[in-house]
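**Student:** Sequence:
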Amino acid sequence: VDGVDALRDAARDWSPERVARVTGIEADRIRQLARQLAGTERAVVYGRIGLCNQEFGSLASWLVDVVNILTGHFDTPGGAMFPRPAAWTITAQPQPGLEGGLAEFGRWRTRVRGAKEVLGQVPVSCLAEEIETPGEGQIRALITVAGNPVLSTPAGHRLDEVLPKLDAMIAVDLWLNETTRHADVILPGLSPLEQPHHDDLILMFAINSIANYSAPVFAPDPDRPQEWEILIRLTGLCAGTPAQDVDVAAIDDGFFDYLCFTQGLDGATIRGHYQSGGPERILDLTLRTGPFGDRYGENPDGLTLAKLKAQPDGINFGPMVPQVPDILGTTDHKIRLAPQYLLDDLPRLARRLDREPDELVLVSRRHLRSNNSWFHNVPALMKGRDRCTLLMHPDDAARRGVATGDTVAVRSSAGRIEVPVELTDAIKTGVVSMPHGWGHGLPGTRLSVANGSPGVNTNILSPPTFLDEPSGNGALNGIPVTVAPAGSG
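Letter by letter, the sequence shown follows residues 20 to 508 of the numbering used here.
Please note that a few of the clues may not be correct.
Said to hold, decoys possible - Mimicking DSSO-like on lysine-lysine, the simulated pairs with C-alpha atoms at most 30 angstroms apart in a straight line are:
| no. | residue 1 | residue 2 |
| --- | --- | --- |
| 1 | Lys-402 | Lys-326 |
| 2 | Lys-135 | Lys-353 |
| 3 | Lys-402 | Lys-447 |
Claimed, not checked - For each label pair, taking beta carbons as the anchor points, the in silico distance ranges come out as:
| no. | residue 1 | residue 2 | range |
| --- | --- | --- | --- |
| 4 | Arg-61 | Asp-186 | 53 to 61 angstroms |
| 5 | Arg-61 | Val-236 | 39 to 47 angstroms |
| 6 | Thr-448 | Trp-33 | 21 to 29 angstroms |
| 7 | Arg-243 | Pro-376 | 53 to 61 angstroms |
| 8 | Leu-365 | Asp-276 | 39 to 47 angstroms |
| 9 | Ala-79 | Asp-276 | 35 to 43 angstroms |
| 10 | Ala-79 | Ala-262 | 45 to 53 angstroms |
| 11 | Gly-337 | Leu-195 | 21 to 29 angstroms |
| 12 | Gly-460 | Pro-319 | 55 to 63 angstroms |
Everything labelled a hint here was simulated from the structure, so no lab data went into it.
Even glycine gets a Cβ: it sits at the ideal position worked out from N, Cα and C.
Please model the entire structure based on the sequences and the hints provided.
**Tutor:** Here you go:
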């Protein structure tokens, strides 16, 4: 690793005594936990999306890796390890801004807010202002694919207000929802049961190297275009090609040739192995050039899509193995332990530690039956009790004269909502929680089930300036709020 000395210098200002009040853990206990972690052979510090979606998400996620590396629990069994999927994806290839294996941020900034670019992307919280603000570079058109940002992004209600101002909006979606109701055209994709499936995304995070292919259950209407054909045609249109001149097959071949190039293969030669294009050709390429593949005959016993299709229960190639030296992209093959852009955020964290505690902080949550907003329109998933509730500890509720089932007003610096409260000792005092993706019932939607139990949108409470500064992402957890009985003023 590189950067241990810089990290040691930065850590000197962060004694257990300094952080004990904010963490709620006594200084001696912090030291005990650190020594136990360092002295235990099989241990890991683990964080996920809840850790990321708060005002210090970048620092917290970085420090998870730092602690695992310094305690010897990184890239080793029992510690933090990396999957080795049977099929690689484009996300595993070198990306713009990662030349030499090092991320370069802020090569350009957004037009209105000046938010930094990160790997070619900017926070979705910038979208509404970039649509609304006139001038050179103003966003005038939008394509959404199977999404509902009006309900799922910070200050989505602002986005709802400005989407009608677009010159053009195209949605690829099965639902007429709170976002797609603004589209000029909705291009319906196929049902999941009408498409083949290999879960590239989820299998990239699996603890075992697994490949699993599912054939379509039903044959789609032959007059309906496949989703990949829709997306390729939109790609051609966005490139300025007249609709009648978009050559779907040529664009598909070009993308396939690029993927072959990343693997040191000649695309035209490899295309000779196939009778047709599309996603299954790409899947076969990624399986055959993956860690268990046949490399188009170089390893005759290796994996191909045809072999995978012959195994309807999938194939398990075993657990994760240490591999960081093989996949690390830095030119000197060292992990950059103390990036300057993260060290530069520590003064902001110091100011936060010195701030007086908030009355309450709001965190987001998901329920197994409502992972995302479209689940709310599936009758079988919406049976039973109301799940759009504010979870609150009984002690906090007692101080405010609130009981389970009462409607409360939740206020932040950004807005106000009313929601039923549900008391539970499973949540920490000082913290309240609301679920993600609610706020249905808007005019122009066709969501009969969801509109019957609309709930309220917690993102109304997200202040536009409440950010994780290194990434620019809006913080969805830890929002300072107040809670009082509705109607109490």
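**Student:** Please go over all the hints and tell whether each is borne out by the structure.
**Tutor:** A quick look at each hint next to the structure:
Our distance criterion of 30 angstroms between C-alpha atoms is broken by Lys-402 and Lys-326, whose separation comes to about 41 angstroms. Restraint check for Lys-135 and Lys-353: satisfied, since their Cα atoms lie roughly 26 angstroms apart, inside the 30 angstroms limit. Restraint check: the Cα-Cα separation between Lys-402 and Lys-447 comes to about 28 angstroms, which is no more than 30 angstroms; the hinted pair holds. Checked against the given bound of 53 to 61 angstroms, the beta carbons of Arg-61 and Asp-186, roughly 57 angstroms apart, stay inside it.
Between Arg-61 and Val-236 the CB atoms are about 42 angstroms apart, so this pair conforms to the stated range of 39 to 47 angstroms. Between Thr-448 and Trp-33 the Cβ separation comes to about 25 angstroms, which falls inside the hinted range of 21 to 29 angstroms. Between Arg-243 and Pro-376 the beta carbons are some 56 angstroms apart, a value that agrees with the proposed interval 53 to 61 angstroms. At about 46 angstroms, the CB distance of Leu-365 to Asp-276 agrees with the hint of 39 to 47 angstroms.
Ala-79 and Asp-276 have their C-beta atoms about 41 angstroms apart, which keeps the hinted 35 to 43 angstroms range intact. In this structure the supplied range 45 to 53 angstroms holds for Ala-79 paired with Ala-262, their Cβ-Cβ distance being about 47 angstroms. Distance hint check for Gly-337 and Leu-195: the Cβ-Cβ separation is about 45 angstroms, which falls outside the suggested range of 21 to 29 angstroms. Range check, Gly-460 to Pro-319: Cβ separation about 59 angstroms, and the 55 to 63 angstroms hint holds.
When each numbered hint is compared with the structure, violations occur for hints 1, 11.
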